[in-house]
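Residue numbers (this note's numbering), protein chains in the order written: chain U, 1 to 205; chain V, 206 to 410.
The hints are simulated quantities; they were obtained by calculation from the structure and are not laboratory data. In this text, a Cβ means the ideal position worked out from N, Cα and C, and glycines have one as well. Incorrect hints may appear among the rest.
Covered by chain U, per the in silico footprint, the following chain V stretches (three or more residues, Cβ under 8 Å) [unchecked claim]:
no.: 1; segment: 237 to 250
no.: 2; segment: 276 to 285
no.: 3; segment: 302 to 314
no.: 4; segment: 381 to 389
With beta-carbon atoms standing in for the labels, derived distance ranges [what the hints assert, rightly or not]:
no.: 5; chain 1: V; residue 1: 269; chain 2: U; residue 2: 39; range: 33 to 39 Å
no.: 6; chain 1: U; residue 1: 203; chain 2: V; residue 2: 394; range: 43 to 49 Å
no.: 7; chain 1: V; residue 1: 287; chain 2: U; residue 2: 51; range: 47 to 53 Å
no.: 8; chain 1: U; residue 1: 186; chain 2: V; residue 2: 238; range: 34 to 40 Å
no.: 9; chain 1: V; residue 1: 393; chain 2: U; residue 2: 149; range: 23 to 29 Å
no.: 10; chain 1: V; residue 1: 394; chain 2: U; residue 2: 108; range: 28 to 34 Å
Residues from chain U shown here face chain V by an in silico Cβ test under 10 Å; the list is partial [said to hold, decoys possible]:
no.: 11; residue: 37
no.: 12; residue: 42
no.: 13; residue: 46
no.: 14; residue: 50
no.: 15; residue: 124
no.: 16; residue: 125
no.: 17; residue: 136
no.: 18; residue: 143
no.: 19; residue: 169
no.: 20; residue: 187
no.: 21; residue: 196
There are 2 protein chains.
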Amino acid sequence: MTNQSESAPVKMRRGRRQGENTTRQAIIEAARQRFSVDGYALATIRKIAADAGVNASLVIQFYGSKEGLFAAAMSMSPMALEGLATSFGGDRSCIGERVVRTFLQLWEQEAASSESMIAMLRAAVANEAVSVQLRDFLQVRLTEEIAPRLERVPDAALRAGVVATMLVGLVIGRRIVRIPALAELSIDNIVALAAPGVQVILCPS
Amino acid sequence: MTNQSESAPVKMRRGRRQGENTTRQAIIEAARQRFSVDGYALATIRKIAADAGVNASLVIQFYGSKEGLFAAAMSMSPMALEGLATSFGGDRSCIGERVVRTFLQLWEQEAASSESMIAMLRAAVANEAVSVQLRDFLQVRLTEEIAPRLERVPDAALRAGVVATMLVGLVIGRRIVRIPALAELSIDNIVALAAPGVQVILCPS
């Protein structure tokens with residue numbers, strides 16, 4: 001999908017004024033509704049824009065892509081998502097350590113985004129409508145964004161999915177249930193314990 | 206704590222009649238309240254019995270121990286809990302496979318208990334009061350029930366905690382969010398992918 005911002009109304013380009021905030025909110029609400037009903041794969045920018053009463057080009061101008069719009073609707077940081085995917089690339093010999101550290105830092109250290117990531121996690125587990133939305137999105141991320149970075153690894157999308165869900169479990173244990181033994185450990189300590197396991201799952205010998 | 210059922214009212218022994226069900230319900234409600242306020246470690250059978258207006262011996266007769274009462278209050282099967290702890294014992298060379306299979310079977314196959322385990326998992330993530338109750342309970346389970354089975358493993362309670370939370374994450378991905386790539390796999394397939402990693406975490410070389 002190309003960036004069609006050229007055709008967006010000029011007045012929208014001067015920063016977030018009252019009108020722009022209202023428009024963004026309408027788009028996000030339409031997106032949440034549409035992703036919830038149609039799922040990530042079938043929802044389109046065009047339909048969401050129509051629901052919000054705006055031009056599709058404006059949605060692209062604001063959010064860049066369907067993925068960016070979904071991330072905004074789920075209160076995810078696009079940079080954080082990119083960071084997670086990137087951690088599966090690069091030097092294979094330390095992939096376990098890199099992936100574990102990236103997951104934990106994202107959910108635990110970057111204060112601005114970690115609170116919304118935790119909120120999203122709670123919602124995904126508690127709320128069927130949110131888990132339906134996440135389901136397709138995560139599937140697409142695994143197969144299109146992460147698996148290609150695991151070139152020559154058999155069952156790459158599956159292995160990445162196993163690892164990603166396992167690390168989310170670890171975050172739940174530390175940040176949501178806060179089991180004392182786990183919550184008290186530093187990220188370095190947790191990395192030392194978990195990374196060798198993740199390494200073996202991602203790079204089977 | 207010894208079984209004091211000898212001192213329980215005789216009429217309670219003839220099966221679950223209306224009165225017994227009401228009494229059990231009162232005990233469970235008092236237990237949930239007390240575990241929520243005092244936490245697992247500080248709550249006592251004596252206090253819970255007093256809150257429910259019954260004798261402590263009756264609570265022991267019905268639930269066996271504080272742990273059994275907690276499991277009942279959280280709708281956990283005591284047999285399932287015992288099965289999870291037992292999987293960490295036994296032959297070390299296949300501990301990864303045994304632990305992964307036990308966790309997945311418990312949450313996915315045993316229909317009677319798996320639904321209540323999933324409900325408990327949702328509640329633990331969504332509801333702060335439930336996660337507070339679980340926190341101490343899980344800590345005690347890790348240090349007193351599971352770590353002793355991992356004799357000579359360094360940081361046994363931590364390693365077991367890392368593995369247990371990771372496997373709960375996998376269950377969330379398969380059973381709650383239901384990411385297609387993971388949900389479609391058989392338990393055998395998931396065991397094949399995840400067990401080598403769990404093996405390395407539980408038995409570092």
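Each hint, compared with the structure:
Restraint check on the segment 237 to 250 of chain V versus chain U: 0 residues with Cβ-Cβ distances below 8 Å, three needed, restraint violated. Chain U is given as covering the segment 276 to 285 of chain V, and this is violated because 0 residues of the stretch bring a CB closer than 8 Å to a CB of that chain, at least three being needed. Under a criterion of three residues with beta carbons nearer than 8 Å to beta carbons of chain U, the stated coverage of the segment 302 to 314 of chain V fails, only 0 such residues being counted. Coverage of the segment 381 to 389 of chain V by chain U holds [criterion: at least 3 residues with CB-CB distance below 8 Å; count 7].
Range check, residue 269/V to residue 39/U: Cβ separation about 46 Å, and the 33 to 39 Å hint is violated. Between residue 203/U and residue 394/V the beta carbon distance is about 18 Å. The supplied range of 43 to 49 Å is therefore violated. At about 52 Å, the CB distance of residue 287/V to residue 51/U agrees with the hint of 47 to 53 Å. In this structure the supplied range 34 to 40 Å holds for residue 186/U paired with residue 238/V, their Cβ-Cβ distance being about 35 Å.
The hint said 23 to 29 Å for the Cβ distance between residue 393/V and residue 149/U, and at roughly 27 Å that hint holds. For residue 394/V paired with residue 108/U, a C-beta distance near 31 Å keeps the hint of 28 to 34 Å intact. The beta carbon of residue 37/U comes no nearer than 17 Å to any beta carbon in chain V, farther than 10 Å, and the hint placing it at the interface is violated. Hint on residue 42/U is violated. Least Cβ distance to chain V is approximately 14 Å, over the 10 Å limit.
For residue 46/U, the suggested interface contact is broken, since its CB lies about 25 Å from the closest CB of chain V, more than 10 Å. With 10 Å as the threshold, the beta carbon of residue 50/U stays out of range of chain V, its nearest partner Cβ sitting at about 28 Å, so the hint is violated. Satisfaction of the interface hint for residue 124/U is found here, the shortest Cβ-Cβ separation to chain V being roughly 6 Å, below the 10 Å cut-off. Hint status for residue 125/U relative to chain V: holds, with the closest Cβ pair at about 4 Å, below 10 Å.
Of the supplied interface hints, the one on residue 136/U holds, with its beta-carbon coming within about 8 Å of a beta-carbon of chain V, less than 10 Å. The interface hint given for residue 143/U holds, since its Cβ lies 7 Å from the closest Cβ of chain V, which is under the 10 Å cut-off. Because the smallest distance between the Cβ of residue 169/U and any Cβ of chain V comes to about 2 Å, under 10 Å, the interface hint for this residue holds. Interface hint at residue 187/U: violated, since its Cβ lies 13 Å from the closest Cβ of chain V, which is beyond the 10 Å cut-off.
Interface restraint check for residue 196/U: the shortest CB-CB distance to chain V comes to about 5 Å, inside 10 Å, so the restraint holds.
Consistency note: the structure conflicts with the earlier hints numbered 1, 2, 3, 5, 6, 11, 12, 13, 14 and 20.
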